[in-house]
Amino acid sequence: MAAALASSPTATIEPIIGRYLNVTIAGRPQRLYFEEAGSGIPLLCLHTAGADSRQWRHLMVDEAITRHFRILAFDLPWHGKSNPPPGYERETYRLTTADYVATVRAFCAALALERPVVMGCSIGGRIVLELAISHAQEFRALIGLEAADFQEPWYDTAWLNRPDIHGGAICAALVSGLIAPTSPEVSRHETLWHYLQSGPGVFQGDLYFYRVDGDLRGRLGSIDTQKCPLFLLTGEYDFSCTPQDTERTAAQIPGAEVTIMRELGHFPMSENPQQFRRYILPVLERIRTLPEHPR
Amino acid sequence: MTEPQILEPQAAEVLARRFESLPALLASDHDLRRRGAELCTTFLVGIAGIPFLLTLERGMHMHLLRGQPLMRAFRFAVRGTAAAWTRYWQTVPPPGWHDLFALTKRGEMTIEGDLYPFMAYLQVMKDLLALPRRIAEA
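If you read the protein sequences in the order shown, they are chains A and B.
Residues 0 to 294 (numbering that gives the first Met the number 0) make up the first sequence, in order.
Residues 0 to 137 (numbering that gives the first Met the number 0) make up the second sequence, in order.
Read the hints as simulated data drawn from the structure, not as lab findings.
Treat each hint with caution, since some may be false.
As the list claims (entries may be wrong) - Just so you have them, the derived chain A footprint on chain B, three or more residues with Cβ under 8 Å: (1) 84-96; (2) 119-128.
To be verified - Think about it this way: if two alpha-carbon atoms lie no more than 25 Å apart in a straight line, the pair counts; the simulated SDA-like pairs of lysine to any residue are: (3) B/Lys104 / A/Gln243; (4) B/Lys104 / B/Met61; (5) B/Lys104 / A/Asp214; (6) B/Lys125 / A/Asp214; (7) B/Lys104 / A/Pro290.
We treat Cβ as the ideally placed atom computed from N, Cα and C, and that holds for glycine.
Hey, can you work out the whole structure from these sequences and the hints?
In structure tokens:
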């Protein structure tokens with residue numbers, strides 16, 4: 000909830016704090032922008048490909064969540080207000096599984112987050128599955144939004160980064176179809192604005208992880224939801240990561256809990272925050288009441 | 000595409016007549032004309048097997064011609080089945096039928112040819128082809 004100002008009753012300030020973390024990740028110095036709000040169980044939120052932490056702003060002002068959870072969200076390097084690393088001008092950006100995992104773990108370690116909950120959407124949902132495979136003991140619970148082990152490509156990513164087409168406009172236009180037609184217009188266009196603002200080749204570089212490097216087919220068998228509970232929620236209008244993709248994924252993970260969200264697409268937290276909270280509040284309440292230590 | 004091009008002629012004709020309202024719908028949409036003002040191209044749209052040749056001139060002035068004149072060139076073609084257009088044009092389309100790429104992914108639509116103008120103006124093209132949602136089904 001935003002607080003009204005005594006000096007100007009019509010003006011409000013939101014309780015979200017933004018700061019910068021300088022940290023070395025996989026041998027490279029990075030300057031990560033992150034926001035946080037609330038107190039309690041740390042809840043790290045990971046944005047979608049080609050976007051940034053602004054997608055989580057509605058959660059961060061939801062007192063039903065912030066009274067129990069310390070919500071944190073960083074912009075991946077190259078995204079939002081996080082710089083690309085020095086020397087970026089001489090390389091093609093490509094997100095890898097190793098770098099993504101290293102970024103999440105470096106952030107959690109630097110901020111001394113004790114067994115945080117991690118909730119990621121899309122590429123963030125994919126990396127949540129990787130965390131469940133390889134680092135489950137470090138997390139209290141994992142939540143994958145629009146998450147699956149693999150999705151069938153539905154367009155050629157070469158269109159995303161070429162000088163004769165506006166990169167932001169084509170990225171936004173492509174993902175616009177992943178938003179439910181029932182989502183509020185204001186929220187739809189705010190979600191698309193993040194894509195309209197993304198740097199050249201960044202969405203394309205994230206999709207390298209999504210389509211090539213982060214293929215988890217055949218690797219889900221080692222996930223133990225007794226060590227770390229796993230919740231998967233997918234919007235019915237997401238035709239990139241379809242409900243069937245998520246259900247196929249969950250069928251390979253004993254104990255994984257699946258929810259198909261009505262009237263939501265690929266960006267539940269930003270395309271229709273009111274509809275999303277109906278689904279995520281019960282999940283967070285379940286996590287809040289979990290035993291303190293791994294079972 | 001999963002659906003044969005030969006289908007109930009009446010269903011295709013109903014959809015085609017709905018599509019023929021496109022120039023009028025576009026003319027009344029000032030925001031779409033603003034966003035697509037610089038788009039000049041000729042393309043083909045297949046409505047359940049019935050072809051339409053569309054030409055856009057500067058300012059999004061549209062000429063729509065039913066049929067495919069002999070050897071007339073066009074840059075790209077968007078062809079959908081009767082099921083695709085019927086559901087895509089619902090006021091609230093059902094999941095998986097609500098976007099052109101959702102339709103191509105499920106095999107109910109093809110987008111072929113020189114796709115440069117289509118992709119450079121992708122949001123405009125999506126919104127243009129969705130305009131018949133604004134008129135009720137017959």
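Check the hint pairing B/Lys125 with A/Asp214 against an upper bound of 25 Å on the C-alpha distance. violated (30 Å)
For the pair supplied as a hint, B/Lys104 and A/Asp214, confirm whether the alpha-carbon distance does not exceed 25 Å. Roughly 20 Å separates the two Cα atoms, so the pair holds.
For the pair supplied as a hint, B/Lys104 and A/Pro290, confirm whether the alpha-carbon distance does not exceed 25 Å. Since the Cα atoms of B/Lys104 and A/Pro290 sit roughly 43 Å apart, the hinted pair is violated (cutoff 25 Å).
Chain A over the region 119-128 of chain B, status - at least 3 residues with CB closer than 8 Å: holds (count 4)
Test coverage of the region 84-96 of chain B by chain A using CB-CB distances below 8 Å; three residues minimum. That given contact holds, which follows from 4 residues of the region 84-96 of chain B lying within Cβ reach (below 8 Å) of chain A.
For B/Lys104 and A/Gln243, compute the direct alpha-carbon distance and say whether it is at most 25 Å. holds (14 Å)
Distance restraint between B/Lys104 and B/Met61, which requires alpha-carbon spacing of 25 Å or less: violated (28 Å)
The structure is inconsistent with the numbered hints 4, 6 and 7, although it conforms to all the rest.
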